[in-house]
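In the order they appear, the protein sequences are chains E and H. Residue numbers for the first sequence follow my numbering, so the first one is 3 and each next one is one higher. Residue numbers for the second sequence follow my numbering, so the first one is 288 and each next one is one higher.
Treat the hints with caution; some may be incorrect.
[To be verified] One side of the interface only, derived from the structure: several residues of chain E facing chain H at Cβ under 8 Å:
1. F41
2. Q44
3. L48
4. L70
5. H87
6. D90
7. S91
8. F109
9. G110
10. P111
11. G112
12. T116
13. V117
It is worth saying that the hints were derived from the structure and are not from the lab. Remember, predicted model here, so these are calculated numbers, not experimental data. Virtual Cβ for every residue (Gly too), placed ideally from N, Cα, C.
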Amino acid sequence: GAVVSQHPSWVICKSGTSVKIECRSLDFQATTMFWYRQFPKQSLMLMATSNEGSKATYEQGVEKDKFLINHASLTLSTLTVTSAHPEDSSFYICSARPRGSADTQYFGPGTRLTVL
Amino acid sequence: GNSVTQMEGPVTLSEEAFLTINCTYTATGYPSLFWYVQYPGEGLQLLLKATKADDKGSNKGFEATYRKETTSFHLEKGSVQVSDSAVYFCALTPSGNTPLVFGKGTRLSVIA
């Protein structure tokens with residue numbers, strides 16, 4: 003089956019530093035990737051949608067200068083949390099939609115970010 | 288707009304009990320409907336889906352039927368196991384290449 007990986011699986015950083023999270027589709031090409039944030043015991047909040055080769059579309063309330071998304075290839079998207087603060091601590095999940103699929107998404111295992 | 292409402296948990300059941308997790312939706316057009324499952328410490332996995340009215344999705348003993356007349360997609364399983372303990376998310380995607388819209392999730396705990 004289709005596999006999506008995320009790296010790192012967890013990261014702890016100091017306040018003010020930047021953290022990059024990678025999302026890779028391992029065995030398929032993903033024209034669209036999505037980034038979600040999940041708070042404890044809550045649902046997934048869509049942060050942004052990224053299409054390969056174009057700028058990401060951010061959801062209302064998500065700061066695009068703070069959460070930089072790059073979708074450089076059909077198998078890789080990155081999320082960089084810039085100048086992280088404790089309130090950015092969360093579980094970040096990516097998903098990838100295969101080329102030619104209208105309603106299928108495969109999810110990565112998530113990245114736990116803790117900002118001290 | 289598009290939204291998904293699912294019953295709040297947590298739900299605690301004994302092993303072999305019958306499970307129902309209610310899910311209703313609001314959407315324009317004809318959405319595809321999904322149930323995702325998140326096991327402890329893991330990412331979301333697609334459990335089942337249905338793409339048109341009266342379709343029944345099924346997987347691992349779980350079933351859900353796309354009911355357009357009641358705008359519902361309730362998840363059922365006849366006999367739950369401890370290994371089914373997880374958080375279950377109902378979701379939809381409107382027609383076309385649009386992001387998933389998730390419900391808030393329902394935590395299920397099955398005790399032996």
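Practice task
Would you list, in rising numerical order, the hints stated earlier that this structure does not obey?
Solution key: 1, 4, 5, 6, 7, 12 and 13
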